[in-house]
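> Listed below are the residues making up each chain.
Number of protein chains: 2
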Amino acid sequence: MTNEEAQAALDLLRKSVDEVDLRILELLNQRAKVVEKIGDIKKVAALPIYEPKREDMVFQNVLSGNGGPLSAGAVRRLFERIIDEMRTLQRERMAKEKAQ
Amino acid sequence: MTNEEAQAALDLLRKSVDEVDLRILELLNQRAKVVEKIGDIKKVAALPIYEPKREDMVFQNVLSGNGGPLSAGAVRRLFERIIDEMRTLQRERMAKEKAQ
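Respectively, the protein sequence lines represent chains L and E. Residues in the first sequence are numbered from 1 upward in steps of one, following my numbering. Residues in the second sequence are numbered from 1 upward in steps of one, following my numbering.
Just chain L, with the same shape it has in the complex (with noise of 0.2 Å):
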């Protein structure tokens, strides 16, 4: 492979990995958006905002989808960034509403 070879089929699968992160971001949002939704109903029927045993069936639902080749480490640090950015919208959000 020529170094003009490379930079092409390298040119290639970034343009690749770009589309994904941006389906991936779609992704995030969308779930931030049934978050919100979540939050609204537990703040109507005054049901707490954390729950661990719900946390544990995110990681559960994930870890036994995984066909790699990520391992379970890394979906799980994965999960728990995304539950934890998740978190602080939430938290954001609430002190918006309070602040008005």
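If you are wondering where the hints come from, they were derived from the structure by calculation, not from laboratory data. Since the model is a prediction, treat every value here as computed from it, not as a measurement. A couple of the hints might just be wrong.
Copies of one chain are not kept apart here, so a pair can be met inside one copy or by any two copies together.
[Stated by the list, open to error] Below, in silico cross-link-like pairs of lysine to aspartate or glutamate (EDC-like), each with a Cα-Cα straight-line distance of 16 Å or less: (1) 43 <-> 92; (2) 96 <-> 4; (3) 37 <-> 5; (4) 42 <-> 97; (5) 37 <-> 92; (6) 43 <-> 26; (7) 33 <-> 51; (8) 53 <-> 11; (9) 33 <-> 84.
Keeping the supplied structure of chain L fixed, place chain E upon it in accordance with the hints.
Frame of chain L; chain E shown alone:
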């Protein structure tokens, strides 16, 4: 809204989160496979694995494509984790190849 109604609505929304999570997971694994291909080409062409400029482009791509509700900071942190886990996967893979 009665407690039963709230619970039924939550159950539905959580089912939808679980579905979105599996789609996110699938895309993360798809991304990992493309990154593995990129690694293979870089190895053959003796190109550096770590390219900070390319990482900046990855962030630019998702930040400019973000329609919310996730904040720019959240998107950056999420993709930092994604990039980090892809790098870990590459390192594990190279260590395994060396050991063979």
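> The structure should be examined with respect to each hint, and the outcome stated for every one.
Hints and how they fare:
1. Proximity of residue 43 and residue 92 under a CA criterion of 16 Å is satisfied intra-copy only: 15 Å inside one chain copy versus 44 Å between copies.
2. When the C-alpha separation of residue 96 and residue 4 is checked against a cutoff of 16 Å, the pair qualifies neither within a copy, at 52 Å, nor between copies, at 29 Å.
3. With identical chains, the CA atoms of residue 37 and residue 5 are at most 16 Å apart between copies only, with a shortest distance of 14 Å across copies and 49 Å within one.
4. Taking the shortest alpha-carbon separations for residue 42 and residue 97, only the intra-copy value of 15 Å comes in at or below 16 Å, while the best inter-copy value is 50 Å.
5. For a Cα distance limit of 16 Å, the shortest separation of residue 37 from residue 92 inside one copy, 15 Å, qualifies, whereas the shortest one across copies, 39 Å, does not.
6. Taking identical chains as interchangeable, the C-alpha atoms of residue 43 and residue 26 are never at most 16 Å apart, the minima being 26 Å within one chain and 32 Å between chains.
7. Proximity of residue 33 and residue 51 under a CA criterion of 16 Å is satisfied in neither setting, with 18 Å inside one chain copy and 34 Å between copies.
8. For the identical chains of this complex, residue 53 and residue 11 are inter-copy neighbours only, at 14 Å across copies versus 43 Å inside a copy, given an alpha-carbon limit of 16 Å.
9. Taking the shortest alpha-carbon separations for residue 33 and residue 84, only the intra-copy value of 15 Å comes in at or below 16 Å, while the best inter-copy value is 26 Å.
Taken one by one, the earlier hints fail for this structure at numbers 2, 6, 7, listed in ascending order.
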